[in-house]
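Asks: Now for the letters of each chain:
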Amino acid sequence: MTLIKDPEQNETKHLHKTVDFTGKRVLEIGCGEGRLTWQYASASFSTIGLDPDKDSLRVATIDRPSDMDNKIYFANAQAEHIPFENETFDIAILAWSL
Amino acid sequence: MVHALDEIRRVLAPNGILVDLRPIDDERPIEVFSARETRKTGDATYLPLGLEDDIAANQAMETAESNGWFTRQSKGFFHLHYVWDTASEMEEWIKTEWEDFIELDEETKRATRSAWALGDGDMRVRARVKMLIAKWLRK
Numbered sequence: 005m006t007l008i009k010d011p012e013q014n015e016t017k018h019l020h021k022t023v024d025f026t027g028k029r030v031l032e033i034g035c036g037e038g039r040l041t042w043q044y045a046s047a048s049f050s051t052i053g054l055d056p057d058k059d060s061l062r063v064a065t066i067d068r069p070s071d072m073d074n075k076i077y078f079a080n081a082q083a084e085h086i087p088f089e090n091e092t093f094d095i096a097i098l099a100w101s102l
Numbered sequence: 246m247v248h249a250l251d252e253i254r255r256v257l258a259p260n261g262i263l264v265d266l267r268p269i270d271d272e273r274p275i276e277v278f279s280a281r282e283t284r285k286t287g288d289a290t291y292l293p294l295g296l297e298d299d300i301a302a303n304q305a306m307e308t309a310e311s312n313g314w315f316t317r318q319s320k321g322f323f324h325l326h327y328v329w330d331t332a333s334e335m336e337e338w339i340k341t342e343w344e345d346f347i348e349l350d351e352e353t354k355r356a357t358r359s360a361w362a363l364g365d366g367d368m369r370v371r372a373r374v375k376m377l378i379a380k381w382l383r384k
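Going down the list, the protein sequences come from chains Z and Y. For what it's worth, the working numbering labels the leading residue of the first sequence as 5, then goes sequentially. For what it's worth, the working numbering labels the leading residue of the second sequence as 246, then goes sequentially.
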């Protein structure tokens, strides 16, 4: 099945208009397969994608651009129990997940 | 949801930013389009669960704000499209991926199939989704 989501990339445009990711530590909650993650993570200092679905994270890990291996990480967790210390991130994105 | 927001607050640095990005309930028009023409063939209908999710998410953010966890800095809306090559692909997608949240009535399905079949060779089908993007400052 062929589906193109947001061919005009309006989501990416509005996300970048809303926050400046440059040099920031970013947490994306509900990253899924990383569709949104690839659109901003290169500007960040580091990005952690969180998702409760292991299959989606497997796809995200495979699809992760090789030049972002040391910048983007994924964790299998839910928003109610985020496995990180206090005050770890500068930006949190609730990506279609609230 | 409120517990998740409290947890997000915990891991955000002071003055950190929370971005709430999500689709919201609104008209979700179905269109058949090509390079030369666009034709609306109906609207997807929201099911109760989708509406309840929307209300619950808004209430959770209100609670987080009243608890003094976050202050809203901006709120905006924009649209994005889901695009399929054929009417049947759209029907299948909606049935499997959005089944709990929206549905297509028979009239919209028929109108979309017809418009797609009778249209130009490059006809495709799309659903428009209204999105919320809100920026919150962690206190």
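Think of the hints as simulated: they come from the structure by calculation, not from any bench. Predicted model only: the values in this text are computed from it and were never measured. Certain hints may be false.
Here are some chain Z residues the structure puts well away from chain Y; computed CB gaps all over 10 Å [claimed, not checked]:
1. E12
2. F49
3. D59
One side only, chain Z facing chain Y, incomplete, derived with CB under 10 Å [claimed, not checked]:
4. I66
5. R68
6. L98
Some chain Y residues well away from chain Z (every beta-carbon gap over 10 Å; in silico) [said to hold, decoys possible]:
7. A249
8. E252
9. R255
10. D265
11. P268
12. D271
13. T283
14. Y291
15. A305
16. T316
17. S319
18. E348
Ideal Cβ positions, reconstructed from N, Cα and C, are used throughout, including at glycine.
Asks: State for each hint whether it applies.
Replies: Each hint tested on the structure:
no.	hint	result
1	E12	7 Å, violated
2	F49	12 Å, holds
3	D59	15 Å, holds
4	I66	21 Å, violated
5	R68	21 Å, violated
6	L98	5 Å, holds
7	A249	4 Å, violated
8	E252	5 Å, violated
9	R255	6 Å, violated
10	D265	5 Å, violated
11	P268	7 Å, violated
12	D271	15 Å, holds
13	T283	14 Å, holds
14	Y291	16 Å, holds
15	A305	7 Å, violated
16	T316	15 Å, holds
17	S319	7 Å, violated
18	E348	18 Å, holds
In summary, the structure is inconsistent with hints 1, 4, 5, 7, 8, 9, 10, 11, 15 and 17 from the numbered list given earlier, while agreeing with the others.
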